[in-house]
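Asker: Sequence:
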Amino acid sequence: MSETASSSPPHLTPVTIPLGHSVTSWWIGIVLSVLGSVGTNLGVNLQKLAINQRLMLAPSQRRRLSQTPLWLLGLFLFLFSNVTGFFSYRYAAQSVLAGLSSLQFLSHVLFARFILKEQTDMNAYYGTALIISGCFFVVLFGKHEARAYDVEDLILLFGKSPFVCYGFVIAFISVISSTTYTQIKQKVARRHGVAKFEPTLASLREGQFLAILYALSSAVWGTFSVVLAKGSSMLFAQVISSFPGPLTYYETYFIPLGLTAAALFWMNRLNHALKLFDVSYAFPMMQICWILFSLLAGGIYYEEFLQWNKRDIGFFGIGICLLFGGVVLICPAAKKDHRTLAQIFYENLVNEVIRPPPAYSQNNANSAESNNLSSVEENHPTKNLYRPLPGNQTDFI
Numbered sequence: 001m002s003e004t005a006s007s008s009p010p011h012l013t014p015v016t017i018p019l020g021h022s023v024t025s026w027w028i029g030i031v032l033s034v035l036g037s038v039g040t041n042l043g044v045n046l047q048k049l050a051i052n053q054r055l056m057l058a059p060s061q062r063r064r065l066s067q068t069p070l071w072l073l074g075l076f077l078f079l080f081s082n083v084t085g086f087f088s089y090r091y092a093a094q095s096v097l098a099g100l101s102s103l104q105f106l107s108h109v110l111f112a113r114f115i116l117k118e119q120t121d122m123n124a125y126y127g128t129a130l131i132i133s134g135c136f137f138v139v140l141f142g143k144h145e146a147r148a149y150d151v152e153d154l155i156l157l158f159g160k161s162p163f164v165c166y167g168f169v170i171a172f173i174s175v176i177s178s179t180t181y182t183q184i185k186q187k188v189a190r191r192h193g194v195a196k197f198e199p200t201l202a203s204l205r206e207g208q209f210l211a212i213l214y215a216l217s218s219a220v221w222g223t224f225s226v227v228l229a230k231g232s233s234m235l236f237a238q239v240i241s242s243f244p245g246p247l248t249y250y251e252t253y254f255i256p257l258g259l260t261a262a263a264l265f266w267m268n269r270l271n272h273a274l275k276l277f278d279v280s281y282a283f284p285m286m287q288i289c290w291i292l293f294s295l296l297a298g299g300i301y302y303e304e305f306l307q308w309n310k311r312d313i314g315f316f317g318i319g320i321c322l323l324f325g326g327v328v329l330i331c332p333a334a335k336k337d338h339r340t341l342a343q344i345f346y347e348n349l350v351n352e353v354i355r356p357p358p359a360y361s362q363n364n365a366n367s368a369e370s371n372n373l374s375s376v377e378e379n380h381p382t383k384n385l386y387r388p389l390p391g392n393q394t395d396f397i
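Under full-length UniProt numbering, think of the first position of the sequence shown as 1, with each following residue one higher.
Hints were generated in silico from the structure; no laboratory data involved. One thing to keep in mind: the hints can contain errors.
[Unchecked claim] Restricting the straight-line Cα-Cα distance to at most 20 angstroms, the calculated cross-link-like pairs of lysine to aspartate or glutamate (EDC-like) are: (1) K187 with E198; (2) K185 with E206; (3) K160 with E251; (4) K185 with D278; (5) K185 with E198; (6) K196 with E206; (7) K160 with D150; (8) K187 with E206; (9) K160 with E303; (10) K160 with D278; (11) K310 with E145.
Take these sequences, add in the hints, and give me the full structure.
Answerer: In structure tokens form, the structure reads like this:
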């Protein structure tokens, strides 16, 4: 009897072996991500400072921006910091880096205050405190261990059930949000008896709902750029260490191509949203959706959520909520100048359409009229969240 019992096969518990190999230097990714976010905003603010200083000079004394040392320094910091942020994905988990991306708002407030001498309201300080607290929770309770993958691993991860289900979910969200967005526009047009929808016809609540739907349909696909950026950084490191390495696989080239397509899609949607909607509402919504879906996409695709317990999920969720609240508070009011990063970069390069700083624009003949119009809009009780595009404004899309 004992021999029969001892000869029975033991019960085996299936073990899931994750793909790739562990990368323990997660703190390097945290440092690179912080330096990338801070350096990018510092570079942009230095370029804006060079523009402001140039516009204070007489036209005959102005040099081209490409010949201005301060502007060149800002351009170098901008490009170098973006490369630094790109390599941060090689070492740290994307779910953590997605939360840390909110530090760009904190650094922007500080640089705008001390470099550009812009005024900062109290909400920005409250938002700063929330972002710092949120980053503390995200880094402390987020997944520290990251994994490095080769080309074959990255292809296999695309076909795993969790990520396939995530793809179906975001496709459903995209279809529903886009369809509802179109239906609301058609409803507004029919209500006012016009053939084509006009942004100024939407009410306050309709504008809010449209901004949310637009942000959702944009972020669900735009955040794939973050997923593919992490994969591209891994492949780039492998090419350097073992040339040609991944270059011998044709699948390798689809990853940077997808990264470029997703990044261009997001930049186009972000710029269009900030032109179409009120900046004080559209910008926070776009960034909140960006942080949320980049966190989910990276955590699911790279299997970063597998080893989380209830405590980690709870405190990490608290950190993300604090970050969202800080982003909402730290975004300035719509009455300030809110050109997007793409617009600023484009304007700097072409050295043409540049808005003068407040001190320079006081002598503008139309300043009194524009101030009167802005005061009427701010005090109007039925102001909606749509912004009509001025007919004489250059469209950068």
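Asker: Confirm or reject each hint.
Answerer: Hint by hint, here is what the structure shows:
no., hint, result
1, K187 with E198, "holds (11 angstroms)"
2, K185 with E206, "holds (9 angstroms)"
3, K160 with E251, "holds (17 angstroms)"
4, K185 with D278, "holds (17 angstroms)"
5, K185 with E198, "holds (8 angstroms)"
6, K196 with E206, "holds (16 angstroms)"
7, K160 with D150, "holds (16 angstroms)"
8, K187 with E206, "holds (10 angstroms)"
9, K160 with E303, "holds (10 angstroms)"
10, K160 with D278, "violated (40 angstroms)"
11, K310 with E145, "holds (18 angstroms)"
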